[in-house]
Structure formats: C-alpha cells, structure tokens
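K.L.:
Chains A and B are the protein sequences, given in the same order.
Going by this note's numbering, the first sequence opens with residue 50, and the numbers climb by one from there.
Going by this note's numbering, the second sequence opens with residue 6, and the numbers climb by one from there.
Don't read these hints as lab results, they were simulated from the structure.
One or more of the hints may lead you astray.
Said to hold, decoys possible - Footprint (simulated), chain B over chain A, 3 or more residues, beta carbon under 8 Å: (1) 117-123; (2) 150-157; (3) 247-259.
Stated by the list, open to error - Example chain B residues on the side facing chain A (calculated, C-beta under 7 Å, incomplete): (4) ALA12; (5) GLU158; (6) ALA162; (7) LEU201; (8) ALA206; (9) VAL208; (10) VAL214; (11) GLY215; (12) THR217; (13) PHE220.
None of the values given here were measured: they were computed from a predicted structure.
Backbone N, C-alpha and C define an ideal beta-carbon position, used for all residues, glycine too.
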Amino acid sequence: MHGPDDPKEGGFQPQLRPGARFARDAASRPILMFEDVYKSYKPGSPVLRGMNLVIERGEFVFFTGPSGSGKSTLLRLLYRSETVDDGRILFMGRDVARLSQDSVPYLRRNLGVVFQDFKLVSSWTVFENVAIALEVLGLPQRLITSRVGEALDRVGLARRGGDCAGVLSGGEQQRVAIARAIVGEPALILADEPTGNLDPQLAIDILGLFEDINATGTTVLFATHDRSLLEIRPRRVVVLDEGKAVDVRAGVTPGDDGFSGYDNALPV
Amino acid sequence: MFDFSQATARRAKRGMLREWRLHALSVFSLAVAFVCLGAALLVVVNLSAIEERWAHAGRVSVYLRDDAKVADVDALKTALTKTPGVTQVRYVSSAQAHSDFSQIGGAADALAALPHEAFPASIEVDIRPDVSTADLTTIKSKLSQLPSVDDVETYEAWTERLARLVRGGVAAAGLLALVVFASVLAVVGSTMRLALQRRRAEVEVLKLVGATPSFVKSPFLMEGSAQGAMGAAVAIALLFALFLIMRSRVDLELSRMIGVEPAFLPWQGAVGMIAVGALLGTLAAALGLRKLVTV
C-alpha cells in the first residue's frame, strides 16, 4: 500500500520533452496557456468560445467580466472540477483537460484555490483546516505543524490555530482559506471572487495578502467583478467578454476610453 | 505511511466523536444482530460439549429382570469384569436406584412416591473411552441374550439425537449468520452514506486540496470497521452477562447429571466474532461509499 503522495500512484507530473530528463527552458515557459478553449453548459450558448490566453510565471492577473461571463468556469476548468468541450489548457506544459481522473488530485496539489464562500469545515479548528492540505501529501506531523504555523503567521492568524473556524469573522475565515491555499507552496493560486463577501477595507487587506504571496514568485489568478480593486492596483487585467479573453493595459480598467486590445496570441 | 495511518485514524476518531449519536445507534443495531448470532453459537457450543461428553461416556447400563437369580447376577458381574475394555462393574439394587432418583431436584417428591419395583436393579458398567462403537454393539448384543438381562442401554440413541440437535443448531446458526451479515451490510452502509452526506463540506474540501478518493474514503472505512467491531464486542459483553445470569439459575445437580458445565464461547470464537464484525463493517462502508466518492 502506498502513501497518498507516492509517485507510484501516477500523479500529475509536468510534461517533459521526449528523450530529455528535464526541459532546460521549462522555467522560461508560460505557466498556463489556454488554446482555443470551448465550454458550454447549454447547447447553442457557450460560455467560452475559442478562448486563447497565456499566463507567465510569477504574474498577478485579474480576471473580470460581468456575471456569467465565465470567470468561475475558467477557474473550474483549471482545477478540473469541469472539463473543456474543446481546446487545451496547458498547466506547466501538461494538458489539464486530458488528465486521467486518477491524476486530478495530483494536479490540485499543485494549485491553491480560494473561494468567495471560503469552503472551510466550520467544525474543524483553524489548524485542522490548513493542515489538511499537507495531510493529503502524507507529510510527517512535525513538518505539518511547523508549516501550518508559518502559513498562519503569513496571513496574520498566528496563535489562532486552536480556534474553531466557524466562530471566526468573514475576513478571518478568508485568511484561513488563503493559508490553506499557500501552505502547500503551489505554483499557482486561483482566487474566485475571494473578496465578494467582505467589506471594502477587508477586501483591500485580502488583496494585499495575495500580492504578498505573488511577491514570493507564486502566480496568482484573481477573479473579481469589483472594479474598485482593479482601479487601486496596476495589474494585468483580463476581461472575459463573449466567451473570449481580452487583455487590458495594466492600470486601465475595462470601459475606460483608454482601453486597447492586448495581443494575446500564443507563442509559436 | 505511519503518519498517513495516524492521520486517517485521527480523522476517523474526529468523525465518530462529532457524529456519536449516529454511530452509537448503528453500534446498538449491530450489537442486537450479533447477540442473536452469539446466542445461537453459544447453544451450539454447549450442545456440542454435551454430545462430546456422551459420545465418549463409556458407560453401559444392564437392566436386570425382577426374577434374576443372585447367582446369575454374580456370574454376570464376574464375566463383565473380565471382559476387555471394562474398567468397573457396579451393582445397583432397586432400592438404591429409588434412593438415587429421589435425590434429583425438582421431581424428588414424585419419584420418592413411586414403589421400589418401579426402578429395576441394574449393573452399571464403565468402559474405556477408546472402545469402538462396534465392540460396544457386540457387548450389548451378547448381554441382551442372557436370561437374567431385561435390557441394555448404551446411550448411543441419545448421542445420535444430540448430534442431530447440534447439526440443526449449526444450520440455524449458519442462517442467522447470513441474516446478521446482511444486517451489518445494510446498517453500516446506510450509516456511512448518512455520515458522508453530513460531512459533505469536509469531503468537498478534501477533494479541493488534492485528496485521492482512497484518502477521502479511508476514515469512513475505518469508522465502518470500528462500528462492526464495537457492535460485535458489545454483543459479546451482553451475551456474557446473560450467560452469567443463566448459569447461576441452572441446577448444579442437573449439570452434574449431564456431566457438562455450561460454557461460554471460547476466546477464539469471541475474537473471531469481533474480527468478522470489523471486516464486515469495512466491506459495508466500502460498498456504501462506492459510487459516492469521486474526484
């Protein structure tokens, strides 16, 4: 019987060039590429229609667009809660859409996901909620304790590990969710409207946390329809419009007169 | 691996403590089912012990005619003493038989009221346990032809009846076992499905952080196993208490007469029942969660 993180179980592995032990240019490749991605829930009304997008390593990208534009769908396709109808999503060179069902958990271990509704187990303690991300990796308890402590410290919840998650405020619960997302040191963080349930000041604090995480080299995709957040932070903004991704100049919010299209063609 | 097992055990314990009412109800239901099975096994064990005891009783009662002459009886005793396989020969007169039976609890007064003649004189012959049934039949056949002998009892008919009773008991216990297995599968399977529904948020989080289906299922399987084992253990404890109460009420004289003291299930049987409970609980949980946990 293998442990939960035993490589013999056939987990997600970044794709390598045939014949090479490792890809020399792997570090310079985009971390994420969407190639002609189609997704529809109802026939005749696709949410994504041939979407192309490239995300480089270490980027902080806002995804925005009206409700139903496909922001959440995009993230769900990434962590394989949904599958594409057509096209490819390459994460670290591997097509997420073509992963076998058995490999999906290993993909998710390379991602950190934060939701608007936190998705915490309210009856568990703060520590337990964060530690679970490391327990699935089968790490020793001592290491889990130390890394959870560090993660909670990073989100400003040091010494709150013993508190029950259900009694925390919304902002604190979102910090716990962020700690859970970063504790495994994933390459990519997906945030789906993480400030949607928080007041403006708390939203800015939470955004600041994601920026701190991004500053350590982690790529962050931040889906939001809160224009105030886009205005206060000069970051790359991708607008989902009619099923396609349109890049907007950094520091310019969609709808401004200064909006100009961004060439998001895939590298040859 | 050790940390993985520890984490699983911790999660299972946490789940059971948080849903203790649900699990307690399930354990109680399983205990009732296992008590039925245990009781049937207990009856079989004790009947088997009686059968074993009487199958090797090595005893023959030679009932004498009322008009048997003393000289004939003495000659018979001498002949029997010299017969190979015979270890002891004892003459019991009508008066002595009457006296012996009058001391039996319960029916003592009724037996004492009977005349001496109602109890024939006999010669009680003890035979070595290794004497074969064929030899015993030969001895019986020869003794029956003697003029002073009225009847010869080798207790084979009783042994055969007991054997049939034991075989019936084993068959009944087998059927009960099937019923118990089915009820364990149903009870534990339903409990686990209910527990999974109640812990949907937990399962969602586990999938989100990259838990494999086996990681998600493992605490539920452990809980199913614990439920099965605890159900069987509680049943054994209940059964033992009932056994102690029953044994205190069984007439000591009757036990002596039968030649077997009431016995509880052997420890291997008790441990085996707990192991079967754990195994069935795991299987039931696995079947219950089969289609419910996907990535």
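K.L.:
Hint by hint, which ones does the structure fall short of?
P.N.:
1, 3, 5, 6, 7, 9
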